[in-house]
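So the sequence lines, in the order shown, correspond to chains A and B.
In terms of numbering that gives the first Met the number 0, the first sequence is residues 0 to 288.
In terms of numbering that gives the first Met the number 0, the second sequence is residues 0 to 256.
Worth flagging that the hints you see were computed from the coordinates, not collected in a lab.
C-beta atoms are modelled at their ideal positions from N, C-alpha and C, and glycine is treated no differently.
Incorrect hints may appear among the rest.
To be verified - Calculated Cβ distances over 12 Å to all of chain A for the following chain B residues:
(1) ALA95
(2) GLY96
(3) TYR97
(4) GLY103
(5) ARG149
(6) ALA185
(7) GLY188
(8) LEU203
(9) PRO204
(10) PHE223
(11) ARG231
(12) GLY239
(13) ALA240
(14) LEU246
Claimed, not checked - Simulated DEER-style distance windows between Cβ atoms:
(15) B:HIS162 / A:GLN27: 35 to 41 Å
(16) B:HIS80 / A:GLU225: 29 to 35 Å
(17) B:LEU256 / A:GLN27: 42 to 48 Å
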Amino acid sequence: MTVSFRQPVGTGPVPAYAGIGLRSDHVQEILDTRPALGWVEVHSENYFGRGIPRHYLERIREDYPISLHGVGLSVGSTDALNRDHLAALRELVGEIDPLFVSEHLSWSSVGGRFLNDLLPLPYTEEALAHVAARVGEIQEYLGRQILIENISSYLQFDESAIPEWEFLAELSNRSGCAVLLDVNNIHVNATNHGFDARRYLQAIPVHAVREMHLAGFTRKVFDGGEILIDTHNRRVVPEVWALYESAVARFGAVPTLIEWDSDLPPLAVLLDEVRLAQEILEAHHARVA
Amino acid sequence: MPALRELQTGFAAALFDREAAARIAPGVQSRGIAAERRLQVYRNNLFASLSGVLAAVYPVTRRLVGEAYFEQAARGYIATHPSRSGDVHDYGGRFAGYLGSCPGSDALPYLPDVARLEWGYHRAFHADQRPSLDPDGLRAVPPEDYPRLRLMLQPSTRLLASHYPVLRIWQVNQDDWAGEPAVDLAEGGVRLLILRQGVEVAFLPLGAGELAWLRGLARGMTLFEAQRLAVRREPDFDLGAALQRLLAQGAFSGWQL
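Assemble the whole structure, with the sequences as input and the hints as a guide.
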């Protein structure tokens, strides 16, 4: 693979690169070895305090584009938007000048209590109107488009009246947000809730998808069935690679991220996943070129 | 109440309380797996993730009490101290006090102070470091204004006083510690300034006067008001020496009149 990785994402002979979620255990090795990575993504909240992690992020930023991925804004919550959180995010965005700013199609707090998880919404007209308004408010405050990512979920509410893919497509349509398509989460939800993952892909507007995520999951067996849990602790499975190829065929070669959060392996394992994603991106590029 | 608000309130309650879970279960599709089981996945995520957060902030505390005790204490803390911030680095600030109230905690009387030291380290690690005030920076203050001079501490500074040698306990429980592994509790207590210095967090041992003086400054007192506090604790307190030492350590970020 002979690709210059220092070009900005979205330009040059290859239109997009694969990157990794940056975790503190790998920072020193990345600084020392400068591996071939298109970009890195970080959890926004880890850098709010301008603490020691920010020092290392500034150094990483000298060589790699950065995207900011929020996990605590609680976009779908019915609590008022947390202005302090949003102000900290805006300040970080101003200082880091990220490729993308993304959040999740979920909620994580209510009544001021934060549950530190990406919790599912009921897919109703009320929730859609609520989330679209919130995303609009966030984009206006930040002065830029944000990306909203589909989550893994382990239950569905009876009151959900809209399929998840329609909800996400309509959210993008109404709020003007882009989509961060987590291909693994589609596979997980297709298995957990019994739908066709490719139908999901077909429902998402091609122009809306600006970034994709890939990760590994855990299978948990219960009486009466199994639930796939989005644990980000292993390699991407073959079914998800295949679904990713379908997604690239539909949405084009968009920047793609390997996420790994627990049971963190050596950096080389992540770089190998990056290589696999990069091969798919380049094969697509060769076909359309 | 709108349906979404009600659903979120009920769902949040269900993660802490099985009766609340039973109340929302009828609104959850089972598809072969009972709604209770599905809610249990979320309950596990919540407790495992926050427990992981506490383990990351309090590694020495965890090592001292062992994994099983720590997990149990963490579960109890999570159940009674909800996170109030979307930035999870804010979580866990009252864990030290909670540990002191746990059954069996009198066996390790120094434990809450070790946890306080770890919380101080954590907060300093994630704190901003402003340009430090250097001795030259103070020359601009006319001597007659010294009585009403206020010094601003760096945002990372934390003060800790303990009857136990908690810094030694912390040091011998670091992974790279190669020295004598035992700590004699009879060594006595310690007073510390915890301070970020570049990419490190420093622990600076303080005299009784220095601690009182810094506490005064942290509360917004003038140099001389704080000095009065310090002299009460340590009659020989030397303001000039303390000022010079702490300026050299980069503890201040500026001054005000």
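key: Status of the stated non-contact between GLY96 (chain B) and chain A (beta carbon gap over 12 Å)   = Given that every Cβ of chain A is farther than 12 Å from that of GLY96 (chain B), nearest at about 20 Å, it holds.
message = Does GLY188 (chain B) clear chain A by more than 12 Å, comparing its Cβ with all Cβ atoms of that chain?
response = 28 Å, holds
ask   = Closest CB-CB distance from LEU246 (chain B) to chain A, is it above 12 Å?
value = 22 Å, holds
Interface-negative label, ARG231 (chain B) against chain A, beta-carbon threshold 12 Å = With a cut-off of 12 Å, ARG231 (chain B) remains clear of chain A, as the shortest Cβ separation is near 35 Å.
message = Using Cβ atoms and 12 Å as the threshold, tell me whether ARG149 (chain B) really stays out of contact range of chain A.
response = The claim stands: ARG149 (chain B) keeps its Cβ more than 12 Å from every Cβ of chain A (closest is about 23 Å).
message = Checking a non-interface call: every C-beta of chain A should be farther than 12 Å from the C-beta of ALA185 (chain B). Is that right?
response = 35 Å, holds
message = Quick check: does the Cβ-Cβ distance between HIS80 (chain B) and GLU225 (chain A) fall within 29 to 35 Å?
response = 34 Å, holds
message = A cut-off of 12 Å on Cβ-Cβ distance, and GLY103 (chain B) was said to be off the interface with chain A. Does that hold?
response = 27 Å, holds
message = Checking a non-interface call: every C-beta of chain A should be farther than 12 Å from the C-beta of PHE223 (chain B). Is that right?
response = 32 Å, holds
ask   = Was PRO204 (chain B) rightly flagged as not at the interface, with every chain A Cβ beyond 12 Å?
value = 22 Å, holds
inquiry  = Would the non-interface assignment of ALA240 (chain B) survive a Cβ cutoff of 12 Å against chain A?
reply    = 30 Å, holds
query = Closest CB-CB distance from GLY239 (chain B) to chain A, is it above 12 Å?
reply = 32 Å, holds
Violation of the numbered hints given earlier is absent; every hint is satisfied by the structure.
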